[in-house]
Amino acid sequence: MNMTEILDELRSTRPRAGDALRLQVQTVTAGVPTAAPSLLDRVRGRRRLILLVPAAAALAMVSAIAIGVSQPASVREAGTSVRADQVFGAPEQPGNSATADAARERLKTQAGTPGAPAVGPTVGRPQRYSAELQLEVPDADGLSEATQDALTIVRSLGGHAVSTSFGTSEQTGAASLVFRVPTAKVQDALVRLSALGTIVGQQVQIDDLGDQVSSLEQREAGLREQIARLTARLESQELAAEVRATLLARRASAQRELADVRAEAAAVNREASLATISLSLRTEDAAAIPATPSRLDRALDRTVDILAWEGIALLYFAVVAGPFLLLGAAAWAARRTQRRREDERLLSTS
Amino acid sequence: MTLEQPLATRSPRTLAEAAEAHLDDVLGYLLYLTRDRETAEDLASSTFEKALRLWGRFDPTRGTARTWLLGIARTTALDWFRAESRRRKREEAAALPERVDEVFVEGLSPELEAALATLSAAEREVLALRIVLELDGDATARVLGISPTAVSTRLSRALKRLEERVNEG
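Chains as they are written, first to last, in our numbering: chain A, 1 to 350; chain B, 1001 to 1169.
Please keep in mind that the hints were generated in silico from the structure rather than gathered at the bench.
By construction, the Cβ of each residue, glycine as well, lies at the ideal position given by its N, Cα and C atoms.
Accuracy of the hints is not assured; some may be wrong.
Distance ranges between label pairs, derived from CB positions [stated by the list, open to error]:
{"no.": "1", "chain 1": "B", "residue 1": "Arg1157", "chain 2": "A", "residue 2": "Trp309", "range": "51 to 61 Å"}
{"no.": "2", "chain 1": "A", "residue 1": "Ile65", "chain 2": "B", "residue 2": "Ala1083", "range": "23 to 33 Å"}
{"no.": "3", "chain 1": "B", "residue 1": "Gly1107", "chain 2": "A", "residue 2": "Pro54", "range": "52 to 62 Å"}
{"no.": "4", "chain 1": "A", "residue 1": "Ala321", "chain 2": "B", "residue 2": "Arg1157", "range": "42 to 52 Å"}
{"no.": "5", "chain 1": "B", "residue 1": "Ser1152", "chain 2": "A", "residue 2": "Thr27", "range": "33 to 43 Å"}
{"no.": "6", "chain 1": "A", "residue 1": "Thr27", "chain 2": "B", "residue 2": "Pro1148", "range": "43 to 53 Å"}
Just so you have them, the derived chain B footprint on chain A, three or more residues with Cβ under 8 Å [claimed, not checked]:
{"no.": "7", "stretch": "4-12"}
{"no.": "8", "stretch": "343-350"}
So that you can see chain B by itself, here it is in the shape it has in the complex (with noise of 0.2 Å):
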């Protein structure tokens, strides 16, 4: 009898495992980065696309598929953010307001969900692979392309910021 290892914990075979299950990470990931539902959704949809291009370089020695997926999102994110940036700029001559959601987490406190709103995209990023995905340090800094110091340093200030955002409300 052989003990089937945790898909979780194991190297995946293919990319279907990795998707199956790492997507409510790279999920999560994208939502607390771009406060939006839908374009989370779709942020990760296109990150499993660029993966399925990909794949062929992943190579589990080099760190997790979890880790893999989630630098994929980040780049996808920031391509993104780009666009955004630029379409911002046209936009404001037109007066058009951001488009994000109130309520992007599901079963937040709108207290949370409040402050949250109030953090930085690289504030919310930290917060949500350090906490919310419970990555650890060296992980987090592997996705975010800085030191593990950094990220220690970039996590406690927006910990700060989010208890004095919840606690001002």
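Just chain A, with the same shape it has in the complex (with noise of 0.2 Å):
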């Protein structure tokens, strides 16, 4: 028997159900409505995940798109700078017609607002009187102006700058200059600056001298009285060649003394008589006083925030939960080839 006739006979001999097994497969099959698979049915296995996956993320992105709208950002976390005129008040520009009068009568308005230059030098007491000034100018072109004001009014009061230093960059720049100006004329020199631009912070610090001036000086007459009684000694009376050698040195050495009590006393009126001014000018910067959010770019920021905050939960879910799934995936492929080789060995042995 060749091939062909084992073919041939192999189909022409097709089994056929008996009667008896048609009737009962009948049964079993009949009045079954017609099927028409539901969507989960169709989609099963890989399938399945392959479309759970976008699902997934479409719903993640969905959620915080609702949460957002429905609930978005306050103004306090979209932006927490405020414009320094809503915390001194109305903003005089320079140029306009912000005159020395009127900013010093702004300034004795803000005498009980924080950081407002309120407290001015004691006159007749020495003290070291230090100012620190920020202002805010629209652009480059005013930061240059006022800078030139500044050096200007400093002058005219007169002081002078110790350090200068300024910058721009198209539109936006910033300034800071030290300057040193009598005492007496600070409060006025303040008035005058703080005209130049919006007041964006200022701070005064005032250090009293008075009880280092009062020691120096109470130094210096008890030197004075040791040199009068020491040349009174080395005058009126017979002295030893060895004592008048030691009174004449101590005597020297009072006057020495005295001298470096005298150029301390000098330094420290110097010190009271000139405060020190910082003014720091910058132009407006529209990242650092940005406007109010609007209500889109509120819910915008919280959908991103709770879109990050579902990477960061699901991130840690893959990190608990992925090696577990691993193992578990790992198993369960070990399971199935397993049996697929036990099927075909069953299958080869019987």
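Given two chains presented individually in distinct reference frames, assemble the corresponding complex, making use of the accompanying hints.
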């Protein structure tokens, strides 16, 4: 029997079910309605996973947008900077009608406001006075103009610039100036300088030097008296050469110390006579002073926040559950392979 | 006038239609696999009972009803083989002989019948699917859960052995 005959015989003797079996199967399958597999039935196994991933991503996105729109981030969360003029009152732009008098008046009204330069030096009392003033100007041109005006104001009050730095880039820029101004005119200087822009910050520090000056005065008086006594002894008595030499040495030492005390006192007086003003000027910076974000912006912020949290949660889940899922998948794959091999072995030996 | 497509080639609307069209295929496959008509008929019946439960999941776009039913038949037969394997192990102690029909397919020559009996179930099932039921390579591969190449290899080996056994006898 050749291969063709074998194949023909196998095909021609194709088994047929008997009537009994046919009837039995008809009974089993009768009355079953037309099958219309549901979407869930159609989408199984890997297909379901393939659909689940984008579906979950879409759900996360939709929920984040829904929460973002319904509960937008608050203004405080969106931008914490507040315009200085909202704290200190309406600003006066440089070059406008902001005169020194008006500025002085404004500063007077700011006396109770945090950061307002209400404290001036005490007349007749030695004090170390230093002030910091931060101003904002509209643009680079305003910055240049304000810098020049500041130098003019300080010179006009008998002061001078210790250091200046100035830098601009297109419409933005900043300048930093340090002045020494006669203490008696420092408040006038502050008032006029503050008129050069919008005040965004100011700080005044006063250190009293009265005790230091008194101490130096007492030391000077004591040294003078000591020198006078030594001089009197050297002139009025017959002294041994050795004693005279000792007294001369002590008088010379007292005189040197007196000179030092005088120099120190002069330095303290100079310190008290000139106040230090540090002036910082800068152009308005949109990033530093953002406009109040719109509801859409806040909704977007909130949505991004929620998406970020969802991503963190997903990452956390992946880190924690990932190894277990991988182990489970490996065990499932191993079991499936083993079962398939067992089936093959079973059929090969049957 | 509408032309009705033959039931064997179009997708059945009900399980009853599928059973009517493919009962002989399912029985033939199981008969070659088990070499016992009574067992094959029992398994065929079980196959359609399972199919009844799973009918809602049948998706014509993923394969024909014939392939789907043969897949269920194979799973049912494997369960039976496992049970038989356990039973044989128990009965080997009592030295009970394995029960198979002398003639499991009517009309086969004794030489061919005897040669088929010497083949393994794995070889007989690929012969049943590819030669007797005339499934193509892809459909057979889907039923057996192996690649079409493996189906070709297994079929070639089974035919060679069958020819050798027939001519030996």
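Hints versus structure:
1. Between Arg1157/B and Trp309/A the Cβ separation comes to about 60 Å, which falls inside the hinted range of 51 to 61 Å.
2. Between Ile65/A and Ala1083/B the CB atoms are about 56 Å apart, so this pair departs from the stated range of 23 to 33 Å.
3. Under the hint 52 to 62 Å, the C-beta atoms of Gly1107/B and Pro54/A, about 56 Å apart, fit the expected range.
4. Range check, Ala321/A to Arg1157/B: about 46 Å between beta-carbon atoms, so the 42 to 52 Å window is met.
5. Distance hint check for Ser1152/B and Thr27/A: the Cβ-Cβ separation is about 39 Å, which falls inside the suggested range of 33 to 43 Å.
6. Between Thr27/A and Pro1148/B the Cβ separation comes to about 37 Å, which falls outside the hinted range of 43 to 53 Å.
7. Using a Cβ-Cβ cut-off of 8 Å, 6 residues of the stretch 4-12 of chain A lie near chain B, which meets the minimum of three, so the contact claim holds.
8. With 7 residues carrying a beta carbon less than 8 Å from a beta carbon of chain B, the stretch 343-350 of chain A meets the three-residue requirement, and the given coverage holds.
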